[in-house]
Amino acid sequence: MELIDREDHQKLYLQLYEILKKKIETNEWHVGSQIPTEDELCKMFSVSRATVRTAVLELVRQGYLKRQQGKGTFIHRNIISEGLNMQTSLKELLLEEGIEVMPKVLARTVMMPVDDLEQQLDITPDKHIIYIKRLWSVQDEPVLLQENYIPYHICPLLLEDDIEHNSLFELLEKKYRIKITRVKNLIDITRLTADDERVLKLPEGSMALLMTQKFYSGDTLIMYAREVKKPNRFQFLVELERKVV
Amino acid sequence: MSDGKLAKDVMIGIFEYPHIPYWFSINQATRIVKVSFISTKKYPEPMAILVFDEKYNLMGTLTLKDILRGLEPRFMQTSEKMEGYKEQESELSLIWDSLFSKQSKELAEKAVSEIMSPAKYFVEPNDPITKAAYLMVHHDLVLLPVLENKKKFVGLVRMIEVFDQISDSLIKE
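Those protein sequences? They're chains D and C, same order as listed. Under the numbering used here, the letters of the first sequence match residues 3 to 247, in that order. Under the numbering used here, the letters of the second sequence match residues 60 to 232, in that order.
If you're looking for bench data, these hints aren't it; they were derived computationally from the structure. It is possible that part of the hints are untrue.
Taking CB as the label site, the calculated pair distances span [said to hold, decoys possible]:
| no. | chain 1 | residue 1 | chain 2 | residue 2 | range |
| --- | --- | --- | --- | --- | --- |
| 1 | C | D223 | D | Q141 | 19 to 29 Å |
| 2 | C | N208 | D | K186 | 35 to 45 Å |
| 3 | D | N234 | C | K100 | 46 to 56 Å |
| 4 | C | D227 | D | R179 | 45 to 55 Å |
| 5 | D | N80 | C | P103 | 54 to 64 Å |
| 6 | C | K169 | D | T126 | 20 to 30 Å |
| 7 | D | Q141 | C | I97 | 48 to 58 Å |
| 8 | C | G72 | D | Q121 | 34 to 44 Å |
| 9 | D | Y218 | C | D227 | 44 to 54 Å |
| 10 | C | D223 | D | G207 | 54 to 64 Å |
| 11 | C | K100 | D | Q121 | 21 to 31 Å |
| 12 | C | K93 | D | N80 | 43 to 53 Å |
| 13 | C | E113 | D | K186 | 54 to 64 Å |
Once the Cα atoms are required to be at most 30 Å apart in a straight line, the calculated BS3-like pairs of lysine-lysine come out as [unchecked claim]:
| no. | chain 1 | residue 1 | chain 2 | residue 2 |
| --- | --- | --- | --- | --- |
| 14 | D | K129 | C | K164 |
| 15 | C | K101 | D | K129 |
| 16 | C | K211 | D | K176 |
| 17 | D | K216 | C | K93 |
| 18 | D | K176 | C | K67 |
| 19 | C | K169 | D | K129 |
| 20 | D | K135 | C | K100 |
| 21 | D | K106 | C | K210 |
| 22 | C | K211 | D | K129 |
| 23 | C | K124 | C | K169 |
| 24 | D | K186 | C | K101 |
| 25 | D | K45 | D | K106 |
| 26 | C | K231 | C | K114 |
Stretch by stretch, here's where chain C covers chain D in the computed footprint (C-beta under 8 Å, at least three residues) [claimed, not checked]:
| no. | stretch |
| --- | --- |
| 27 | 63–77 |
| 28 | 107–114 |
Where a beta carbon is used, it is the ideal one built from N, C-alpha and C, also for glycine.
The task is simple: from the sequences and hints, build the whole structure.
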């Protein structure tokens, strides 16, 4: 059994934390089983009660262990999933500070699903969709073409909102109280269609960044977005944040 | 004649019919007809699709006849039938065989805006049904949009309800 190394300069509770974590992650201690009592751990590792308590508390805080009042401490889970926190706001990514970008609404209408929209939005083929197409420009240079698809029944009033001055994300969250809990992004490089080239003022055969996004509220897909971004105008900041699920 | 009934009393909701934007192809519209009507065996009267512009204003209607007409090769399209033209004659059988097969796939890529029946006429919710009947008969319309303040599309008047209301009052009298 791995023991505490008193020659090590690392604090005792951190050493104990690592030893216990390893036992959980390697399934030496199984999910659902009870861990030894504080007294037992003190004896096992020849450390003080305070050291054991601090190490266990940290494991509870991280989500590995769960305390049950009057029963003891149990293994809650043996892997901590990594949460991907991705910053994708246009203004944060694209531009030098202080430059205002405003979208021009090219289309806002209602349609039936065609092509692969039914699958992308996870809806039946008889459902209507709100379609919004906007072009974002910086000092008259078009840089981003954004198409959003929202099942009509999710938010019919979006057809009347001011979508030139408000982001769809904010409208859904703040005005309609639809909490977006998950966003799936897929980034690819794509050859533009003739229509997209014309709108983005790019020559024939141009390549661009294509980002498709799916917005979920719980398990419900509430919006599918397709964004074509002009090359050289965008950087992506991906922030990985570890979190307890 | 129609007991003073108004367009708003008989109109049906706009979501009774599938909506599409004008840039959809005939092919895409055809798939929507299949999914919305044929595979579900819902046969509304009339069977039609509503075509909208990019600002969600109604531009026109698309019936099954409009779609088939859009798929006809150009040489078959005539604005008026010639005097004495006999469509039943046997020497035309070769043409019948190829009518909807050769060029139709290419033609199916055309936008629906090229083949729809444009929405030129409409009634207000408070207009009498008799006005709707007049417009539908004189302009050969299958559906008549109901617009509020000449702008907001709030419903559709169909021939069947117009006929029903007017015939009721005729029979009573």
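Do the hints match the structure? See the list:
no.	hint	result
1	C:D223 with D:Q141: 19 to 29 Å	violated (60 Å)
2	C:N208 with D:K186: 35 to 45 Å	holds (42 Å)
3	D:N234 with C:K100: 46 to 56 Å	holds (53 Å)
4	C:D227 with D:R179: 45 to 55 Å	holds (47 Å)
5	D:N80 with C:P103: 54 to 64 Å	holds (57 Å)
6	C:K169 with D:T126: 20 to 30 Å	holds (28 Å)
7	D:Q141 with C:I97: 48 to 58 Å	holds (51 Å)
8	C:G72 with D:Q121: 34 to 44 Å	violated (28 Å)
9	D:Y218 with C:D227: 44 to 54 Å	holds (51 Å)
10	C:D223 with D:G207: 54 to 64 Å	holds (59 Å)
11	C:K100 with D:Q121: 21 to 31 Å	holds (24 Å)
12	C:K93 with D:N80: 43 to 53 Å	holds (51 Å)
13	C:E113 with D:K186: 54 to 64 Å	violated (28 Å)
14	D:K129 with C:K164	holds (27 Å)
15	C:K101 with D:K129	holds (15 Å)
16	C:K211 with D:K176	holds (27 Å)
17	D:K216 with C:K93	holds (28 Å)
18	D:K176 with C:K67	violated (35 Å)
19	C:K169 with D:K129	holds (24 Å)
20	D:K135 with C:K100	violated (33 Å)
21	D:K106 with C:K210	holds (22 Å)
22	C:K211 with D:K129	holds (22 Å)
23	C:K124 with C:K169	holds (16 Å)
24	D:K186 with C:K101	violated (36 Å)
25	D:K45 with D:K106	violated (70 Å)
26	C:K231 with C:K114	violated (45 Å)
27	63–77	violated (count 0)
28	107–114	holds (count 7)
When the structure is compared with the earlier hints, violations turn up for hints 1, 8, 13, 18, 20, 24, 25, 26 and 27 and for no others.
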